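Enquirer: Given next are the chains, with one letter for each unit.
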Amino acid sequence: MAHRPAIEASGLEKSYGAVKVLGGVDLSVPPGSVFALLGPNGAGKTTTVRILATLTPPDAGRARVAGFDVVAERRRVRRAISLTGQYAAVDETQTGEENLRMMGRLTRLGRAEARARAHELLERFDLTGAARRTVGTYSGGMRRRLDLAAGLVGHPEVIFLDEPTTGLDPRSRQAMWEVVKGLVTDGVTVFLTTQYLEEADQLADRVAVVDGGRVVAEGTPAELKERVAGQRLDLVLGDIAGYQSVARHLGVRLVRSDADRLTLGVATDGSAAQVRALLDEIDPERRAVDRFTVHSATLDDVFMALTGHGAGSGSRNGGGEGGTATGGATGEKTGEKETAGV
Amino acid sequence: MSDAIVLTGRTIRLSRRNLDAVLTAMLLPIMLMLVFVYFFGGAIHTGTEYVTYVVPGVMLLCAGFGSANTAVTVTNDMAGGIIDRFRSLDIGGTPILAGHVAASVLRNTVATAIVFGVAFLIGFRPDAGPLDWLAVAGILLMFILAISWLSACFGLIARSPEAAGGFTFLMMFLPYPSSAFVPIDTMPGWLHGFAEHQPVTPVIEALRGLLLDRPVGDSAWQALVWCGGILAVATGLSGVLFRRRTA
Numbered sequence: 001m002a003h004r005p006a007i008e009a010s011g012l013e014k015s016y017g018a019v020k021v022l023g024g025v026d027l028s029v030p031p032g033s034v035f036a037l038l039g040p041n042g043a044g045k046t047t048t049v050r051i052l053a054t055l056t057p058p059d060a061g062r063a064r065v066a067g068f069d070v071v072a073e074r075r076r077v078r079r080a081i082s083l084t085g086q087y088a089a090v091d092e093t094q095t096g097e098e099n100l101r102m103m104g105r106l107t108r109l110g111r112a113e114a115r116a117r118a119h120e121l122l123e124r125f126d127l128t129g130a131a132r133r134t135v136g137t138y139s140g141g142m143r144r145r146l147d148l149a150a151g152l153v154g155h156p157e158v159i160f161l162d163e164p165t166t167g168l169d170p171r172s173r174q175a176m177w178e179v180v181k182g183l184v185t186d187g188v189t190v191f192l193t194t195q196y197l198e199e200a201d202q203l204a205d206r207v208a209v210v211d212g213g214r215v216v217a218e219g220t221p222a223e224l225k226e227r228v229a230g231q232r233l234d235l236v237l238g239d240i241a242g243y244q245s246v247a248r249h250l251g252v253r254l255v256r257s258d259a260d261r262l263t264l265g266v267a268t269d270g271s272a273a274q275v276r277a278l279l280d281e282i283d284p285e286r287r288a289v290d291r292f293t294v295h296s297a298t299l300d301d302v303f304m305a306l307t308g309h310g311a312g313s314g315s316r317n318g319g320g321e322g323g324t325a326t327g328g329a330t331g332e333k334t335g336e337k338e339t340a341g342v
Numbered sequence: 001m002s003d004a005i006v007l008t009g010r011t012i013r014l015s016r017r018n019l020d021a022v023l024t025a026m027l028l029p030i031m032l033m034l035v036f037v038y039f040f041g042g043a044i045h046t047g048t049e050y051v052t053y054v055v056p057g058v059m060l061l062c063a064g065f066g067s068a069n070t071a072v073t074v075t076n077d078m079a080g081g082i083i084d085r086f087r088s089l090d091i092g093g094t095p096i097l098a099g100h101v102a103a104s105v106l107r108n109t110v111a112t113a114i115v116f117g118v119a120f121l122i123g124f125r126p127d128a129g130p131l132d133w134l135a136v137a138g139i140l141l142m143f144i145l146a147i148s149w150l151s152a153c154f155g156l157i158a159r160s161p162e163a164a165g166g167f168t169f170l171m172m173f174l175p176y177p178s179s180a181f182v183p184i185d186t187m188p189g190w191l192h193g194f195a196e197h198q199p200v201t202p203v204i205e206a207l208r209g210l211l212l213d214r215p216v217g218d219s220a221w222q223a224l225v226w227c228g229g230i231l232a233v234a235t236g237l238s239g240v241l242f243r244r245r246t247a
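Going down the list, the sequences are from chains A and B. Anchor point for the first sequence: position 322 equals 322 in full-length UniProt numbering, and the numbering is continuous, going up by one each time. Anchor point for the second sequence: position 4 equals 4 in full-length UniProt numbering, and the numbering is continuous, going up by one each time.
Hints are computed from structural coordinates only; laboratory data are not their basis. Where hints are given, some of them may not hold.
Unchecked claim - Facing chain B, according to a computed beta carbon distance under 7 Å, are these residues of chain A, among others:
1. A53
2. L55
3. G85
4. A89
5. T93
6. R105
7. L106
8. L109
9. M142
Claimed, not checked - For the chain A half of the interface with chain B, some residues (derived, Cβ under 8 Å), not all of them:
10. R78
11. L83
12. D91
13. Q94
14. E97
15. H249
16. T263
Quantities reported herein were computed from a predicted structural model and do not represent experimental measurements. Ideal Cβ placement from N, Cα and C applies to all residues, glycine included.
Could you put together the complete structure from these sequences and hints?
Expert: Structural data, given as structure tokens:
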């Protein structure tokens with residue numbers, strides 16, 4: 001029991017019409033861990049989750065979840081999992097408590113058991129005060145917590161969370177992270193998708209980066225960050241000549257170039273020593289660089305490093321995930337913590 | 001089966017909190033009844049008190065219009081994430097749709113009873129025995145059931161609640177080219193074929209015959225065949241549509 005992977009997928013492929021959304025996805029997730037699928041809109045994250053949660057059959061490839069085949073043993077998989085999607089799957093005009101009791105009844109709990117389980121989950125997700133209010137009056141963060149609670153009613157072994165914090169404000173996101181971290185202590189396996197490197201970093205034991213329907217990198221957050229340095233030094237050059245000469249000098253080390261703003265980006269670990277050394281190396285005359293800023297690496301940087309193109313561009317091949325189109329923009333804003341230098 | 005019961009309870013709770021829709025489904029037929037009885041009724045000659053003539057048609061309009069609202073509730077579900085959650089709990093399309101239909105039947109039974117009450121207040125005096133009333137209730141229930149399930153199919157096809165609302169429109173106008181409000185022989189000749197053979201007419205004729213203690217003729221079994229046929233096609237079709245929509 002304990003040694004088989006909670007989720008195992010090999011060669012998953014899926015097309016919608018002429019659009020290939022997944023081009024052979026392989027995954028293996030050990031039980032009791034948090035696994036994050038990190039990628040931009042249209043990378044195939046939602047499609048992967050839908051296949052693993054038995055909602056969509058793959059065109060090719062195989063997957064087993066909780067030991068059962070997602071196609072042949074669909075019903076047994078469904079009894080072992082829960083899915084919390086991008087759209088809050090709770091009824092706005094029912095109260096929080098009614099939603100949870102209904103889910104309890106649908107997972108074959110008796111009336112009294114369903115009520116007890118609802119109260120337990122409301123307590124745990126800090127929603128007891130709002131239990132008798134209709135969900136329509138909840139804040140975005142409360143709604144997500146209730147949504148997650150609804151997924152836990154039936155004691156699932158494997159929990160799928162599709163972009164659990166997209167659209168939440170930073171505080172609600174933080175609260176949601178605490179909740180997700182708490183899940184693993186119960187021994188369940190969590191499989192989540194996200195567009196935020198920081199989220200994967202905070203929550204996941206292992207991360208797979210997907211792009212264009214393929215896993216382009218997999219590892220622990222630390223391993224991935226090593227590959228993209230973790231920080232980015234942006235240099236604003238004084239003129240176009242300086243811009244071109246520094247760009248030539250940096251060559252393949254460039255992770256960002258923006259000629260209009262005369263800005264070039266290079267990976268760094270963010271330490272003063274390394275930034276100083278880089279500046280000296282790039283601009284020994286101390287004339288070419290006007291200003292610089294250090295940013296924590298964004299998903300865009302990870303993508304630039306791993307795929308050679310940015311997360312926001314070039315990788316939109318999925319028609320099936322149109323609903324999250326605004327999430328990318330928010331991600332780039334909130335994921336980027338600026339540490340301004342002089 | 002137990003899933004269907006839980007989901008019926010859910011839909012009833014949802015409609016209790018969306019009283020506007022329920023009230024509209026009741027007020028519209030009542031208003032129409034008042035308009036026809038007091039404004040137009042004097043000019044329409046049907047051989048009986050007009051209120052007595054028009055009530056079966058109003059009942060049917062109430063039942064059809066209210067049942068058509070199922071399309072909207074189904075589309076709302078399909079548009080949100082809750083269907084995926086139900087499916088990931090291994091709940092299929094049939095219990096989900098049955099929940100909507102059962103709630104619709106309950107909702108519209110209450111609405112129809114209230115409209116009957118108003119009809120009595122404005123002078124509707126039927127001449128029906130207990131068995132006739134039982135038959136009236138049975139035919140109305142079959143009609144509500146059939147239209148609710150057909151409406152669920154429209155809800156699966158429609159991409160937005162507004163589009164699904166179009167079905168209520170159809171159900172609101174279908175009684176006009178029938179014997180609901182005026183005798184068919186007062187309509188232009190080219191309309192007779194449709195008006196006499198569309199499903200609403202035998203239902204109205206059967207209700208009218210039973211309530212007014214007139215010969216019912218073929219209309220009762222025709223009404224049941226129409227309702228049964230619509231129900232059979234709609235349940236079959238809804239299964240196919242649900243699978244296609246969620247694939």
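Enquirer: State for each hint whether it applies.
Expert: We went through each hint and held it up to the structure:
no.	hint	in the structure
1	A53	holds, 5 Å
2	L55	holds, 6 Å
3	G85	holds, 4 Å
4	A89	holds, 4 Å
5	T93	holds, 4 Å
6	R105	holds, 4 Å
7	L106	holds, 6 Å
8	L109	violated, 11 Å
9	M142	violated, 16 Å
10	R78	holds, 4 Å
11	L83	holds, 4 Å
12	D91	holds, 6 Å
13	Q94	holds, 6 Å
14	E97	violated, 12 Å
15	H249	violated, 50 Å
16	T263	violated, 40 Å
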